[in-house]
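Participant: So you can see what is in the structure, the chains are spelled out below.
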Amino acid sequence: MSANPGGEALVMSGTVERGSFRLEADLRAAPGEVLAVLGPNGAGKTTLLRALSGLEALTSGTIRLGDLTLDDAATDTFVPAQLRPVGLVFQSYRLFPHLDVRDNVAYAPRVQGAGRRQARATADTWLERLDLSALATRRPHQISGGQAQQVALARALAADPRFLLLDEPLSALDARTRLDVRARLRSHLEQFTGPVLIITHDPLEAMIMADRLLVIENGRVVQQGTPAQVARQPATQYVARLVGLNLYTGTLEVASHRVFLDAGGTFTVTLGDDDPAASGGTGESTRPVLVGLRPSAITIHTVRPTHASPRNVWEGKVVGLELLADRVRVQVDATPPALVDISSAAVADLALRPGTAVWLSAKATETEAYAAPAAAGGSAQRSRYRS
Amino acid sequence: MTSKDRPPTAGQATAQRSRQRARAVQSRDAIPWPLGIPAVLAALFLLVPLAGLLVRAPWLGLPRLLADSQVLDALRLSLLCASAATGLALVFGVPLAWVLARSELRGISALRALVTLPLVLPPVVGGVALLLAFGRQGILGRLLDEWTGITLPFTTAGVIVAETFVAMPFLIITVEGAFRASDRGFEEAAATLGASRLTVFRTITLPLIGPSLLAGAVLCWARALGEFGATITFAGNFPGRTQTMPLAVYVALESDPEAAVALSLVLLVVSIAVLAGLRDRWLTTGTAP
Numbered sequence: 001m002s003a004n005p006g007g008e009a010l011v012m013s014g015t016v017e018r019g020s021f022r023l024e025a026d027l028r029a030a031p032g033e034v035l036a037v038l039g040p041n042g043a044g045k046t047t048l049l050r051a052l053s054g055l056e057a058l059t060s061g062t063i064r065l066g067d068l069t070l071d072d073a074a075t076d077t078f079v080p081a082q083l084r085p086v087g088l089v090f091q092s093y094r095l096f097p098h099l100d101v102r103d104n105v106a107y108a109p110r111v112q113g114a115g116r117r118q119a120r121a122t123a124d125t126w127l128e129r130l131d132l133s134a135l136a137t138r139r140p141h142q143i144s145g146g147q148a149q150q151v152a153l154a155r156a157l158a159a160d161p162r163f164l165l166l167d168e169p170l171s172a173l174d175a176r177t178r179l180d181v182r183a184r185l186r187s188h189l190e191q192f193t194g195p196v197l198i199i200t201h202d203p204l205e206a207m208i209m210a211d212r213l214l215v216i217e218n219g220r221v222v223q224q225g226t227p228a229q230v231a232r233q234p235a236t237q238y239v240a241r242l243v244g245l246n247l248y249t250g251t252l253e254v255a256s257h258r259v260f261l262d263a264g265g266t267f268t269v270t271l272g273d274d275d276p277a278a279s280g281g282t283g284e285s286t287r288p289v290l291v292g293l294r295p296s297a298i299t300i301h302t303v304r305p306t307h308a309s310p311r312n313v314w315e316g317k318v319v320g321l322e323l324l325a326d327r328v329r330v331q332v333d334a335t336p337p338a339l340v341d342i343s344s345a346a347v348a349d350l351a352l353r354p355g356t357a358v359w360l361s362a363k364a365t366e367t368e369a370y371a372a373p374a375a376a377g378g379s380a381q382r383s384r385y386r387s
Numbered sequence: 001m002t003s004k005d006r007p008p009t010a011g012q013a014t015a016q017r018s019r020q021r022a023r024a025v026q027s028r029d030a031i032p033w034p035l036g037i038p039a040v041l042a043a044l045f046l047l048v049p050l051a052g053l054l055v056r057a058p059w060l061g062l063p064r065l066l067a068d069s070q071v072l073d074a075l076r077l078s079l080l081c082a083s084a085a086t087g088l089a090l091v092f093g094v095p096l097a098w099v100l101a102r103s104e105l106r107g108i109s110a111l112r113a114l115v116t117l118p119l120v121l122p123p124v125v126g127g128v129a130l131l132l133a134f135g136r137q138g139i140l141g142r143l144l145d146e147w148t149g150i151t152l153p154f155t156t157a158g159v160i161v162a163e164t165f166v167a168m169p170f171l172i173i174t175v176e177g178a179f180r181a182s183d184r185g186f187e188e189a190a191a192t193l194g195a196s197r198l199t200v201f202r203t204i205t206l207p208l209i210g211p212s213l214l215a216g217a218v219l220c221w222a223r224a225l226g227e228f229g230a231t232i233t234f235a236g237n238f239p240g241r242t243q244t245m246p247l248a249v250y251v252a253l254e255s256d257p258e259a260a261v262a263l264s265l266v267l268l269v270v271s272i273a274v275l276a277g278l279r280d281r282w283l284t285t286g287t288a289p
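Protein chains in written order, with the numbering used here: chain A, 1 to 387; chain B, 1 to 289.
Next comes chain A alone, as it looks inside the complex (with noise of 0.2 Å):
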C-alpha cells in the first residue's frame, strides 16, 4: 500500500514536558509492525501522539524514522506534521465540514501538489480500496460513524504517509459498528508496510488489534510486550485490571518458593518460565517479585478447606459482588484481598452475600511469581520479542 515497501522503523526515545505534566518514552515500532499504546486518561498518550506527528516538539531527545531524523532536541532539529511523513487518524475524525468526503480524502494529495482532477482521481482509487465509493459525494456530516472512521483512515493514507497513527480509532462509535469497523481496520493495517501505532485506553481493543502493546502510566511506560505477556504477567496494578489479574507484590524466598506479600500474607508459588531460580538461580536468596493470580483460580469456600495438597489457604469476608457476562466477580476483603470468579449458580449454593465470612485458596501450579517486566524497552527485550 505504500511507495516504500522495504518501511523504516520509527524510534522515539525523549521526553516532552507540558507545564507540570512530563512524558518519558522510549519505543521502538518495527516496519508493518502496529503497536498499541495503552494508559488510563491523563497518561500521556495523547501527548506521545502529538510529539510523534509533529504538532509538538520533544523537550529532549530523539525521533527517528529509519535514517531520517524528524525531531532531535539536542541539535534543534524539528520537522514539522506537514513536512512529516505521518498519517494521522484523530478521535474525533476531524473531517472537514465543508468539504465532501472525495475531496477530504484528495485533501492530501492537493496540497502536496497535485491537480484538481488527479488529486481527485488518487482519492477515487483510495474510496474504492477502502469500500467507499459510494459515499464519495457526501458531507462529513451525512455519513456515519463507523464511515467517518474509514473516511478518515483513507485521507491519511491517501496523503502516502511512511508511519500510521491511530488516536482511539473505535472509541467513538457504538459497541455494534465496532465489531465490523475493527476487523475492516485490521485488515487495512495489514497490508500498510510502515509502523502502526494505535493509541487506546481498551485492553481488548488493543489485545485483538497490536503485535505488541506499550503501557504508559503517570507520563512513564511502565510495561512493553506482546499481548499474551502482558496479559500473564502484568507489571502494574493498572495493567492486572485491565486484564482481570490479581497483582501482588512481595518479597520471593527463593529456598522455599514462598512470597512475603506487602499487603500482608504469604502465598506458595511457582517460578515463571523465564525466572533466573528456575534456570539454576542467581544466587539471590530473597527479592522482590510480582505475583499473578487469575480470578478463576481462586476457589471460595464457606468453611475452611481442609484438603492435604499445597494450597493457599486465607480468611476473608467478601465486600461486593458484581455480574459479569457469565459468572459473578466477587470482592474479598482480605490478606490479601483477591477478586474471585465463580458461576452464578455457585454464588447461590454458598449464598454469598456482602459480609460473608468466607476462606479463599489457590492452587501454587496457579501462583506464578515473576520479576517486574522492564518498562522501558531495552534492547535484550527487544530481540526477545523479535525472536
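Hints are computed from structural coordinates only; laboratory data are not their basis. Note that beta-carbon positions come from the ideal geometry of N, C-alpha and C, so glycine has one too.
Some chain A residues near chain B, calculated using beta-carbon distances under 7 Å:
| no. | residue |
| --- | --- |
| 1 | S53 |
| 2 | L55 |
| 3 | A81 |
| 4 | Q82 |
| 5 | V86 |
| 6 | L88 |
| 7 | R94 |
| 8 | F96 |
| 9 | H98 |
| 10 | Y107 |
| 11 | A108 |
| 12 | V111 |
| 13 | Q112 |
| 14 | A159 |
Assemble the complex: chain A is given as a structure, and chain B must be docked to it using the hints.
Facilitator: Leaving out everything else, chain B in the frame of chain A:
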C-alpha cells in the same frame, strides 16, 4: 398514563394538579409591569420615527425626486465607496483579525483594544485624526503628496479612506471572534496532511468561518454606507465627488425637505435589506453549509 384505570378521585386530583401547573406556568410567563411598560415605550420610541418616515414620505413625487441627477450621483457614490471600503477592510482587516486571534506576541491584547477604538470613537474625531495623518500637512499625507502627488482629503478616495477607518473595526471584531472560536483541530488535521500554514488558512480556516466573514462584511458595508461624521470632516461635501447619501440627506433637509425624506427612505430600504440578509445567515448558521 390515563385516568381511566385510576379511581375517579385520583383522576380528578390529577386534573386539578395539571390545571394548577398550567396556571403556575402562565404566571411565570407573565411580564411584570416594571419591565413591561419601559419595554413597550422603548419599542415605540424606536419604531414611531420609522413609521413617521413612511407616513410622511412623498410617495407620489418619489420617482421624480429619486430621478434627480444629484440624488443618483449620491446613491452611486455611496454604493461605490461603501463597497470599496468593505473590499479594503476584507483585504487588510481579515489578516489583522487572524493575527489578533492567533498571535501570542506580547502587546497583542493592547493592540486589539486600540484597533477597535474607532468603534466607540465619535466619527468626527476620526475625521480630524485622519486629517492630521493624511491631510496635505499630515504626517503621512505630506510624504504621500511629495512622493506621488496624491492628496486624499476632499476626494472620492478620501471618502473611501474615512469609511474604511470607521467601518473596518466592525469586520475585525466579528472575524476575530470567529477565528478565536474556530476549531483548531481541523487546522491540525490539515497540517498532518501536508498543508503549509498559508494553505491551511486559505483552504480550511477561511471557509470554516465563511458565515462570520459574510456577517462581518455586511456589518462593515452597512456602517460605511451610513458614515457621516468622518466623511464630512475628512472628505468634505462636494456633490458628485464626496457627497454620499447621508450628506445629501443632511443638505436636502434644509433646501428640499421632501427630497430628504425620499433619500432617507432609500437608506431605510437598504438597511432593511441588509438586516434581512444577515438574519437569514444567522438562522442558517450551524446547519448544513
